[in-house]
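Chains as they are written, first to last, in the numbering used here: chain A, 420 to 653; chain B, 420 to 653; chain C, 41 to 270; chain D, 41 to 270.
Please keep in mind that the hints were generated in silico from the structure rather than gathered at the bench.
Quantities reported herein were computed from a predicted structural model and do not represent experimental measurements.
All residues carry an ideal CB built from backbone N, CA and C; glycine is no exception.
Some clues are possibly wrong.
[To be verified] Derived DSSO-like pairs (lysine-lysine); straight-line CA-CA distance at most 30 Å:
no., chain 1, residue 1, chain 2, residue 2
1, D, K191, D, K242
2, A, K566, B, K492
3, D, K98, D, K191
4, C, K157, A, K511
5, D, K157, B, K511
6, C, K189, C, K157
7, D, K191, D, K209
8, C, K267, C, K189
9, C, K209, B, K566
10, D, K209, D, K157
11, C, K157, A, K492
12, C, K191, C, K157
13, D, K157, B, K492
14, C, K209, C, K157
15, A, K511, A, K566
16, C, K267, C, K98
17, D, K189, A, K566
18, D, K209, D, K189
19, A, K566, C, K157
20, A, K434, A, K566
21, D, K242, B, K566
22, A, K434, A, K492
[Claimed, not checked] Now the stretches of chain B that chain D is said to cover, found in silico as 3 or more residues with beta-carbon under 8 Å:
no., stretch
23, 424 to 435
24, 441 to 452
[Stated by the list, open to error] A few chain B residues that don't get close to chain A, going by computed Cβ distances all over 12 Å:
no., residue
25, P500
26, L510
27, L518
28, G522
29, D550
30, F564
31, V614
32, D632
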Amino acid sequence: MIDKTLSTCREAVSKVFDGATIMFGGFGNAGMPGQLIEALREHGARELTIVSNGAGTGPFALGSLFGDGLARKLIASFPAPSAAQFRERYLKGEVELELVPQGTLVERIRCGGCGLGGFYTPTGVGTELADGGEVREIDGREYLFAKALRADFALLKGHLGDRFGNLMYRGTMRNFNMVMATACDTVIAEVDRIVPAGEIHPEQVHTPGIFVDHVVQVERLPELVKLPKPGAHA
Amino acid sequence: MIDKTLSTCREAVSKVFDGATIMFGGFGNAGMPGQLIEALREHGARELTIVSNGAGTGPFALGSLFGDGLARKLIASFPAPSAAQFRERYLKGEVELELVPQGTLVERIRCGGCGLGGFYTPTGVGTELADGGEVREIDGREYLFAKALRADFALLKGHLGDRFGNLMYRGTMRNFNMVMATACDTVIAEVDRIVPAGEIHPEQVHTPGIFVDHVVQVERLPELVKLPKPGAHA
Amino acid sequence: MILTRDGIAWRIARDLHEGAYVNLGVGIPVLVSNYLDRTQEIFLHSENGILGVGPVPKGDHIDLDLISAGKGFCTLALGAAIFDQQVSFAMMRGGHLTHAVLGAIEVAQNGDFANWKVPGEAVPGVGGAMDLAVGAPNILIAMSHVTNKGKPKIVTACTAPLTARRCVKRIYTDLAIVDVTPGGLVLREAMPGHDPAAVQAKTDAPLAVAPDFREMAVPQVAANGAKLVQ
Amino acid sequence: MILTRDGIAWRIARDLHEGAYVNLGVGIPVLVSNYLDRTQEIFLHSENGILGVGPVPKGDHIDLDLISAGKGFCTLALGAAIFDQQVSFAMMRGGHLTHAVLGAIEVAQNGDFANWKVPGEAVPGVGGAMDLAVGAPNILIAMSHVTNKGKPKIVTACTAPLTARRCVKRIYTDLAIVDVTPGGLVLREAMPGHDPAAVQAKTDAPLAVAPDFREMAVPQVAANGAKLVQ
């Protein structure tokens, strides 16, 4: 019987090694694997390269990895002004930043997951993020070359999971989790609930288990649910 | 009030012009827009370029377009031996064939739909389908360049549709329908049932209405449901 | 008399109509959602994976898993769809949205604009701005006409790092509405008390005046009580 | 004594174990599903959009919308997932499947193989064969050892149009099991009555004999009554 479930986040992240590249799902707190990140922080692997849309929004979660000095590089599209821990390390020159437009980041990860070598995007052509990049004209429009991106580990968050590794998300949890699940050697997901095999309808499996190595059930930590002021965005 | 529904397939295909490039969803009979194809055949636009995984499996549906001599070119991965109407025209030199590996076909369409210019795939390197193509080494592996593909029209089949153009599929109907919906100037879908707005749960919308122009409810024609012998494939 | 931030948003909302698929950037653009004609069906896109963002939830109707790109909680409108990042950016970069409303630091007369690298901000962040800019056929800019120090933001050529080239279609400022056309900038509307010469005086790039140039008509106060002019 | 087509399939099934994600091509490969150990959980992939293809449906339990890549009706196994073509080919080309079992016209000693362009077939069709071949880490070939006319199909270099280069890991024929290794072809098993020299006589490329070479052990008849040897 296939069983990809593990009982603790500690066990799930125990193989993460110094110097590893790790992708982190989540956009804001939705789909952000807060408990796996906390276990990773306790695990203490160093010199990490972090692939994520942002760099956290405070001292918890991703912010704590920068706060503890565990990361040497960030590949991201938007390290927000609220990502104080990252920014402090970055401004001291202790962490490198590879800034990638969000759509290009998504697509580079997708390429890495689906066996493609790279692609041409119109995004960023003529901007300083294209500096040194290869520009090619295709059918009269200029495109910028971008290369596939893979990582050693993915830390993801789903809503439901099963022993096959199948994942189902809720609301806006899907975000980066779905592409990242395809592009890493070892894929670890925390979920709100592990359900019996077959309970997730085959048509509602968002991330098929083939992409997932380990699933851990967690309770949501209240401190990871930061309540933004309503009205920030309609 | 947005209303993308139309009452007849005839009306839905009425804008198709001579020389148009048309993508057809479906793999086998699942997700194959049989009634739109029949309306297109009656509409009679000629010199069509057809983009489809195959070329039909008999005198009905896609096969009828070749049978009636309406197509001048097929871009496909697998015109099966049962695609007699296509094969006859092809062997007479009346229809051109651009043969593309299935994964490359899917990805070319996806690129066309998501604004990318092209991509590098390992598929086909060193084969006669790569002849004349650009090969590039990326991180020690050889890849073949493939260009985005778009079309003037997409004819698709969904299970449920609504007035916003949202589509939901059943079983293996998704196949090419989901990518093709993103890559064509005018996207027309036949569905088994048009449901009231809001009845398709937002998390179960497979093709968001932004990609779809027209939705028509049809009854499944019995003659389009060809019953294959069970056991052909487990 | 010039527009407030709400006033700019209100004016932009008047130009969005049924069937539009719109992404609203941070800053003034997100305010546009407060002024849309609710009798028309307009789909708001959020790049984290929603088409059909609804109003901000009230009280205990918050769903912790449902946030918009600004990271605030949101609801879903009738006909909404949820998806992942690759589909979301397919909509953006693939040209499926009809409009993106974005803030800007500078807009050039050829449609170049700069909005991602704020001067004085030591840590750069770009997000989805560049993808929106190359994708949506109608890039609408919402910004003040001049900087805090009175420097024109509509320029002959951008000096700030570009977000994208030749993509802006229309600029809405607190003072005027300016179209970017192949022939150059065209002044379409200006606030009462600012004739074309006055607008030109605050604009670095040359403005042609539209044949149907008119005074902008914006009420003092919106239905929600917000001040639109000052 | 050689294997029947069912015999080759039966023997391949013995090498597939719990947790394998397998695509079975047309011809002999699809027969493998009849001989899998049902006490082990093995996921069958169908390139039209299923992971976890179940048995062929019986009688009126047919779902018209549920077909597999061979276009026959199918069912779903416990834990199955449904998806579209782009996800399906991500699994294939992205190296996520553990095995692909494919037919072949020729296999070369360096792991090149040819299976898509059948000699004498005037209309070419390739389907997903090339994508599978470059993706799955274990490409297993199922074929007769020689052609109808007795010509060896395991060759020094392919003459038929290639499907992919240097990707075959193991060849299962009606006569033998041959591994493709960096050092060349290695004969692992042969049918009773065929010693290595006899297999070599029907093989164009040179075969080394594995240190643990053995006689293939296949029963005469399978549990489902199919004849496995002839």
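Hint by hint, here is what the structure shows:
{"no.": "1", "hint": "D:K191 x D:K242", "result": "holds, 8 Å"}
{"no.": "2", "hint": "A:K566 x B:K492", "result": "violated, 33 Å"}
{"no.": "3", "hint": "D:K98 x D:K191", "result": "violated, 40 Å"}
{"no.": "4", "hint": "C:K157 x A:K511", "result": "holds, 20 Å"}
{"no.": "5", "hint": "D:K157 x B:K511", "result": "holds, 20 Å"}
{"no.": "6", "hint": "C:K189 x C:K157", "result": "holds, 18 Å"}
{"no.": "7", "hint": "D:K191 x D:K209", "result": "holds, 22 Å"}
{"no.": "8", "hint": "C:K267 x C:K189", "result": "holds, 23 Å"}
{"no.": "9", "hint": "C:K209 x B:K566", "result": "holds, 29 Å"}
{"no.": "10", "hint": "D:K209 x D:K157", "result": "holds, 21 Å"}
{"no.": "11", "hint": "C:K157 x A:K492", "result": "holds, 20 Å"}
{"no.": "12", "hint": "C:K191 x C:K157", "result": "holds, 18 Å"}
{"no.": "13", "hint": "D:K157 x B:K492", "result": "holds, 20 Å"}
{"no.": "14", "hint": "C:K209 x C:K157", "result": "holds, 21 Å"}
{"no.": "15", "hint": "A:K511 x A:K566", "result": "holds, 29 Å"}
{"no.": "16", "hint": "C:K267 x C:K98", "result": "holds, 23 Å"}
{"no.": "17", "hint": "D:K189 x A:K566", "result": "violated, 48 Å"}
{"no.": "18", "hint": "D:K209 x D:K189", "result": "holds, 26 Å"}
{"no.": "19", "hint": "A:K566 x C:K157", "result": "holds, 24 Å"}
{"no.": "20", "hint": "A:K434 x A:K566", "result": "holds, 27 Å"}
{"no.": "21", "hint": "D:K242 x B:K566", "result": "violated, 44 Å"}
{"no.": "22", "hint": "A:K434 x A:K492", "result": "holds, 20 Å"}
{"no.": "23", "hint": "424 to 435", "result": "violated (count 0)"}
{"no.": "24", "hint": "441 to 452", "result": "holds (count 5)"}
{"no.": "25", "hint": "P500", "result": "holds, 29 Å"}
{"no.": "26", "hint": "L510", "result": "holds, 32 Å"}
{"no.": "27", "hint": "L518", "result": "holds, 20 Å"}
{"no.": "28", "hint": "G522", "result": "violated, 8 Å"}
{"no.": "29", "hint": "D550", "result": "holds, 19 Å"}
{"no.": "30", "hint": "F564", "result": "violated, 9 Å"}
{"no.": "31", "hint": "V614", "result": "holds, 16 Å"}
{"no.": "32", "hint": "D632", "result": "holds, 23 Å"}
In summary, the structure is inconsistent with hints 2, 3, 17, 21, 23, 28 and 30 from the numbered list given earlier, while agreeing with the others.
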